[in-house]
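Protein chains in written order, with our numbering: chain A, 18 to 453; chain B, 8 to 349.
Don't take each hint at face value.
[What the hints assert, rightly or not] Listed next, the in silico SDA-like pairs over lysine to any residue satisfying Cα-Cα at most 25 Å (straight line):
| # | chain 1 | residue 1 | chain 2 | residue 2 |
| --- | --- | --- | --- | --- |
| 1 | A | Lys140 | B | Val332 |
| 2 | A | Lys73 | B | Asp114 |
| 3 | A | Lys136 | B | Val332 |
| 4 | B | Lys112 | A | Val445 |
| 5 | A | Lys446 | B | Asp114 |
| 6 | A | Lys140 | B | Tyr326 |
| 7 | B | Lys337 | A | Gly133 |
| 8 | A | Lys135 | B | Arg110 |
| 9 | A | Lys442 | A | Ile423 |
| 10 | A | Lys140 | B | Leu338 |
| 11 | A | Lys135 | B | Asn301 |
| 12 | A | Lys446 | A | Asn235 |
| 13 | A | Lys136 | B | Glu346 |
| 14 | A | Lys446 | B | Lys112 |
| 15 | B | Lys112 | A | Met434 |
| 16 | A | Lys135 | B | Lys337 |
| 17 | A | Lys223 | A | Thr63 |
| 18 | A | Lys73 | B | Gln11 |
| 19 | A | Lys135 | B | Lys120 |
| 20 | A | Lys442 | B | Arg110 |
| 21 | A | Lys136 | B | Asp48 |
| 22 | A | Lys73 | B | Thr339 |
| 23 | A | Lys136 | B | Leu343 |
| 24 | A | Lys223 | B | Lys112 |
| 25 | B | Lys112 | A | Asp313 |
| 26 | B | Lys112 | A | Ala451 |
| 27 | A | Lys136 | B | Arg110 |
| 28 | A | Lys446 | B | Leu345 |
| 29 | B | Lys112 | A | Val435 |
| 30 | B | Lys120 | A | Phe437 |
| 31 | A | Lys135 | B | Asp48 |
| 32 | B | Lys112 | A | Gly433 |
| 33 | A | Lys139 | B | Trp329 |
| 34 | A | Lys139 | B | Lys337 |
| 35 | A | Lys135 | B | Glu341 |
| 36 | A | Lys136 | B | Thr339 |
| 37 | A | Lys140 | B | Lys112 |
[Unchecked claim] Over the 10 Å line for every Cβ pair with chain A, so calculated as not near, a few chain B residues:
| # | residue |
| --- | --- |
| 38 | Leu97 |
| 39 | Val209 |
| 40 | Phe224 |
Since the hints were made in silico from the structure, they are not lab data. Glycine included, C-beta positions come from ideal geometry on N, C-alpha and C.
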Amino acid sequence: MDVVLLSRLQFAAATMFHFLFVPLTLGLSVIIAVMETRYVQTGNETYLRMTKFWGKLFLINFALGVVTGITLEFQFGTNWSRYSAYVGDIFGSLLAIEATVAFFLESTFIGIWIFGWKKLSKKAHAAVMWVVALAGNLSAMWILTANGWMQHPVGYVIRNGRAELSNFGAVITNKFALLELAHMIPAALLLGAFFVMGISAYHLLKKQHVDFSTRSFNMALVFGLVASLAVAATGDMHGVHVAEVQPAKLAAMEAHWETQTQAPIVLFAIPDEENERNLIEIGKIPYILSFLGYHDINAEVKGLRDFPKDERPPVLITLFSFRTMVALGTLFPLLTIIGLVLRKRLMENPWYLWIMVFAIPLPYVAIEMGWVLAEVGRQPWIVYGLLKTADAASPVASSQVLTSLIGFILVYGLLGMVGFYLMFKNAVKGPEPADA
Amino acid sequence: MVLQATWFFIWGLLWALFFMTDGFDFGVGTLYPFLGKSDEDKRKMINSLGPLWDGNEVWLITAGGVTFAAFPLVYAVMFSSLYTALMLILFALILRGVSFEFRGKVDHPLWRKVWDTCIFIGSFVPALLFGVAFGNIFQGVPINQEGIFQGNLFTLLNPYGILGGLLFVALFLVHGALWIAIKTDGDLHDRAAATANRLWPVLLGIAVVFLIATAVFTPLYANYLAYPVLFLVPLVAVAALLGVKYFLTKKAYFKAWFASAATIVFCTFFGVVGLFPNLFPSSIDPAYSLTAFNASSSPLTLRIMLIVVILFIPIVLVYQVWAYVMFSKKLTEEDLSLEEAY
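One chain only, chain A, in its complex shape (with noise of 0.2 Å):
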């Protein structure tokens, strides 16, 4: 096998085993530290159970998280060096503020929480968990500003062979990277909140620590609820954005091929992209795509067909993981309005709540499949328009990272299976009594 299909599948399994981790410390993060700021208001020990009960769940989560992006900001160097050396004078330098202003931040004041219980005043404890959750957020943006760079390049030129910087503020208000991050945001709030939601469900479900679930499943519910509906909104936004700048992303996440107005969607769709069709399709509705795309439902939607061949992405990927994460965002609203109606009879209902158990898993499918989408969607480039991921690799050779592909799924699968099972043995196990 060639580097280049190596090293994707190695930057895909890393990335998205850390993306396993990442969304759940940025939403349980603010989560937390609103019960522990909660605590510090009431003085209600119930809440300090809380702090405690989802910290040590957000702190296996944590580790993990930690480790395997680690790995992620060096393989660009070890496996991307031509990108790297082509990109780097922009995406480097947001990589670099991304450490000196949040990582460090997040990293040095996690230890604090950890450690220091009994050496700082609850305030200021409460107050070190607010700069762990800010910390990690504002990360979440500089890695967003690189990412949004490379769907959508700004502030640059082109000179002694690669792209250079022309305009840091352009850069800094990129508006993909601006949506990505007003998408990304709530998702990993709802992902959190859904966390919370679900085993909390289990717990009122075995009725044990009711008093502890209920108030934690609350909590969390309006987080879930505020979030499900940013995240459709933001969503909105962000796919005209995409129609905008990345025509080809759209019309491959729809499998169409006629450039047309009043374009349809399709609900299901089989593409045939050697003869540039579609083998089957199912629930062809008029207007909407345009309307999607443009919110003009006499819109003009440019086809596939008039793409060069060479610059079109993966159809078949491109669509399943767009339809899988419209189907489940969809399904996150009602799952929390429902949770509004019931939330003051929750174990009279125990169907809602193990809907609610099962759905721990999906708002992960959800943010994975939106990365799959954004990346898989931005191929046959690395930097939409400018640099193609063919063009990117290191010269390296292909056994070595074959090894190091082997490698990361060892030791991530393994981690992986670890990380989960203590999580979901401390889940089960549910929060230590009153009196301990």
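Keeping the supplied structure of chain A fixed, place chain B upon it in accordance with the hints.
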């Protein structure tokens, strides 16, 4: 020119700070199976690092990130050339990080044994390989005109590279033993102090051989001969190393640890000053070497990043010092009985 040269030294400083901070974590982790006789000893050792190791590791992320930002070509060529070595370091760091968190989560001897082994591997391997990598950078690496590495992992395992690895391991072992002596009392403290005393002559021996070998294998002394005042840098390193022994004898472990930290920083700077302006020299032809002047980012990026670094690195130092002060006292029963402790 001035901007690029400034960045060269910031680059060196960040690596030096990484080695100084995470260095004692590596040392403690390497000594872990040897000094940790009981489970309590082991818990004391990892809890002595508990609040700090994560923040320390970010110096590596920052050093890597700054290499990417200020010298993208160096980042690209260095990390792809050192592919296998770097991957081994990264896997080792992954194991170390999760081991701290996982070890205490299941009460079973085999479970703990697995993570104990990972803590050792995850500390020893990076210590050794960072030394090997920097040894090779000091003497030059076989990269051709296109910046493509002409060798493999075993090319790096040459005598001077291995010597660099041994030097780093010895530096970090002393640094780590001193940290354990600071953070614990009783039997573990005594054994840690004794270990530091025993390791010190070994470190001195390796350092002397390294300084001589550097003259044989590398062009590092050229800068020093051109500007003899620069010899102050290795002199301070040697003085700091002697200071370690002086304070050890007086049982002033904090001062000894500071002297050890200074030794590490000035040892790194001995190499960095000798390298200037090379960041990744080619052993095939000096014309292929990547330098601060032919591999840097645009002046605009360098200026913006300089502002970021000047504003934020001092802030980072302030809150890290705050954390160090908070967690510099000897571990107590209360610390170890904390629900969140490792």
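For each hint, the structure was consulted:
1. A:Lys140 - B:Val332: Holds. Lysine 140 (chain A) to valine 332 (chain B) sits at ~20 Å (cutoff 25 Å).
2. A:Lys73 - B:Asp114: Holds, because 16 Å separates the two Cα atoms, which is no more than 25 Å.
3. A:Lys136 - B:Val332: holds, 11 Å
4. B:Lys112 - A:Val445: Holds: lysine 112 (chain B) and valine 445 (chain A) sit about 14 Å apart, inside 25 Å.
5. A:Lys446 - B:Asp114: Status holds; Cα separation ~15 Å.
6. A:Lys140 - B:Tyr326: holds, 18 Å
7. B:Lys337 - A:Gly133: Given pair lysine 337 (chain B), glycine 133 (chain A) holds - Cα atoms ~14 Å apart, limit 25 Å.
8. A:Lys135 - B:Arg110: Holds: lysine 135 (chain A) and arginine 110 (chain B) sit about 23 Å apart, inside 25 Å.
9. A:Lys442 - A:Ile423: violated, 28 Å
10. A:Lys140 - B:Leu338: holds, 24 Å
11. A:Lys135 - B:Asn301: Between lysine 135 (chain A) and asparagine 301 (chain B) the Cα gap is close to 52 Å, so the pair fails against 25 Å, i.e. violated.
12. A:Lys446 - A:Asn235: Since the Cα atoms of lysine 446 (chain A) and asparagine 235 (chain A) sit roughly 20 Å apart, the hinted pair holds (cutoff 25 Å).
13. A:Lys136 - B:Glu346: holds, 14 Å
14. A:Lys446 - B:Lys112: Holds, at about 13 Å.
15. B:Lys112 - A:Met434: holds, 14 Å
16. A:Lys135 - B:Lys337: Within the cut-off at roughly 14 Å; holds.
17. A:Lys223 - A:Thr63: holds, 19 Å
18. A:Lys73 - B:Gln11: Between lysine 73 (chain A) and glutamine 11 (chain B) the Cα gap is close to 45 Å, so the pair fails against 25 Å, i.e. violated.
19. A:Lys135 - B:Lys120: violated, 30 Å
20. A:Lys442 - B:Arg110: With a Cα-Cα distance of about 15 Å, the restraint between lysine 442 (chain A) and arginine 110 (chain B) holds, given a limit of 25 Å.
21. A:Lys136 - B:Asp48: holds, 23 Å
22. A:Lys73 - B:Thr339: Roughly 22 Å between the alpha carbons, so the hint for lysine 73 (chain A) and threonine 339 (chain B) holds.
23. A:Lys136 - B:Leu343: holds, 13 Å
24. A:Lys223 - B:Lys112: holds, 24 Å
25. B:Lys112 - A:Asp313: violated, 56 Å
26. B:Lys112 - A:Ala451: holds, 21 Å
27. A:Lys136 - B:Arg110: Answer holds: lysine 136 (chain A) to arginine 110 (chain B) is near 24 Å, not above 25 Å.
28. A:Lys446 - B:Leu345: holds, 19 Å
29. B:Lys112 - A:Val435: holds, 11 Å
30. B:Lys120 - A:Phe437: holds, 20 Å
31. A:Lys135 - B:Asp48: holds, 22 Å
32. B:Lys112 - A:Gly433: holds, 15 Å
33. A:Lys139 - B:Trp329: Judged against 25 Å, a Cα distance of about 18 Å means the pair holds.
34. A:Lys139 - B:Lys337: Holds. Lysine 139 (chain A) to lysine 337 (chain B) sits at ~23 Å (cutoff 25 Å).
35. A:Lys135 - B:Glu341: Given that 25 Å is the threshold and the Cα spacing comes to 9 Å, the pair holds.
36. A:Lys136 - B:Thr339: holds, 12 Å
37. A:Lys140 - B:Lys112: violated, 28 Å
38. Leu97: violated, 5 Å
39. Val209: Fine: 31 Å to the nearest Cβ keeps valine 209 (chain B) off the interface.
40. Phe224: Since the minimum Cβ distance to chain A is about 26 Å, phenylalanine 224 (chain B) lies beyond 10 Å and the statement holds.
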